[in-house]
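Per my numbering, the very first residue in the sequence shown carries number 2; after that it's consecutive.
Everything labelled a hint here was simulated from the structure, so no lab data went into it.
On a predicted model such as this, the values are computed, not experimentally measured, just so you know.
One or more of the hints may lead you astray.
Distance condition first, Cα-Cα at most 25 Å in a straight line; then the derived BS3-like pairs of lysine-lysine [said to hold, decoys possible]:
| id | residue 1 | residue 2 |
| --- | --- | --- |
| 1 | K165 | K284 |
| 2 | K153 | K284 |
| 3 | K153 | K165 |
| 4 | K284 | K163 |
| 5 | K73 | K165 |
| 6 | K163 | K73 |
| 7 | K153 | K163 |
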Amino acid sequence: MCASCHLTGWERYEDEASGQFLVRAVNDPGGSLNIDDDPEMDEINIGCENCHGPGSEHVANEGRSRFIVNPKFLSAERSSVVCGRCHDRRQGYGGETIGYTQALNEEGELARPGISRDQLITEYTDPIKKGPTMQGPGTENNIWPDDIHSSKPHQQYSDFLKSKMYRNDRLQVTCSDCHDMHGGTPYPRSLIHDPDDSGSPLCQRCHQVDVLSHMETELNAKMKGEQTRCIDCHMPGTSNTGGIAGDFGRMIETPPYANAAEEENNAYWEGPINSHVFDVPLKTNVGVSGVSPGRAMPVPYTAACGTCHIVSELPFR
2 MCASCHLTGW
12 ERYEDEASGQ
22 FLVRAVNDPG
32 GSLNIDDDPE
42 MDEINIGCEN
52 CHGPGSEHVA
62 NEGRSRFIVN
72 PKFLSAERSS
82 VVCGRCHDRR
92 QGYGGETIGY
102 TQALNEEGEL
112 ARPGISRDQL
122 ITEYTDPIKK
132 GPTMQGPGTE
142 NNIWPDDIHS
152 SKPHQQYSDF
162 LKSKMYRNDR
172 LQVTCSDCHD
182 MHGGTPYPRS
192 LIHDPDDSGS
202 PLCQRCHQVD
212 VLSHMETELN
222 AKMKGEQTRC
232 IDCHMPGTSN
242 TGGIAGDFGR
252 MIETPPYANA
262 AEEENNAYWE
272 GPINSHVFDV
282 PLKTNVGVSG
292 VSPGRAMPVP
302 YTAACGTCHI
312 VSELPFR
């Protein structure tokens, strides 16, 4: 059910005539769509209350901060959960019947911002079917055979929880450290700095002291190089997107092949959604080694390196 994440405020009900589950949306005079066929236009997509919680008391009390959730002042765990409620293929209660994978409680309500991860798991997650690694019809391809990297969209949160960005004893990174939640940037995915600039502070504001020694150790490179970006190796495009029809990424090293089967056996591909595990999966990964290129998990040695080098001649590592 798309509405649980793509509408801000809604009510689920069962239509007596059809037996289908439908939703009523919040009326908005400035809305652009009327999805519930009442006389009013509706609030569509992500609005303020989706991330800041109910705002009536906030407005009634002259905008006092105590009556609203500000993710900036939450712990790293709770701040990430604000995004993770939707950016995770989590199975809420009743999902098998209604057809959704969002975090909904037994009353069919989406988790409010500000809750802990423990609450997300215990109150808004079906204990039988928990997330990307859940078993059951239609769930077989949510994650690659290495049981680490996601292969489907809106699973960034589950990837992120496995990363050193989140699991370390120094500083927990949150989604808002890299993304502008209000979308006011000229960069893709509302990133706060340019990911295509190898000297961008997007990564280097935390890793500047390490980057040169890291490049020398891992790539035997004395210089960073204008085309060497952190995301080339640490954020391979492991996932497809279900949102844009036909957007299945791009093929790497693609001379003209006689047919689709020949292409699958020879051409590696890269998905349009970047991994948020931030590791560097190798060609020896179980999702790659021994797998035909067109069905293999995208890894830096076939995707990032393959844009300049002949993939078949790259050594395994």
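Verification of the hints:
{"no.": "1", "hint": "K165 with K284", "verdict": "21 Å, holds"}
{"no.": "2", "hint": "K153 with K284", "verdict": "20 Å, holds"}
{"no.": "3", "hint": "K153 with K165", "verdict": "21 Å, holds"}
{"no.": "4", "hint": "K284 with K163", "verdict": "20 Å, holds"}
{"no.": "5", "hint": "K73 with K165", "verdict": "21 Å, holds"}
{"no.": "6", "hint": "K163 with K73", "verdict": "22 Å, holds"}
{"no.": "7", "hint": "K153 with K163", "verdict": "16 Å, holds"}
No hint from the list above goes unmet by this structure.
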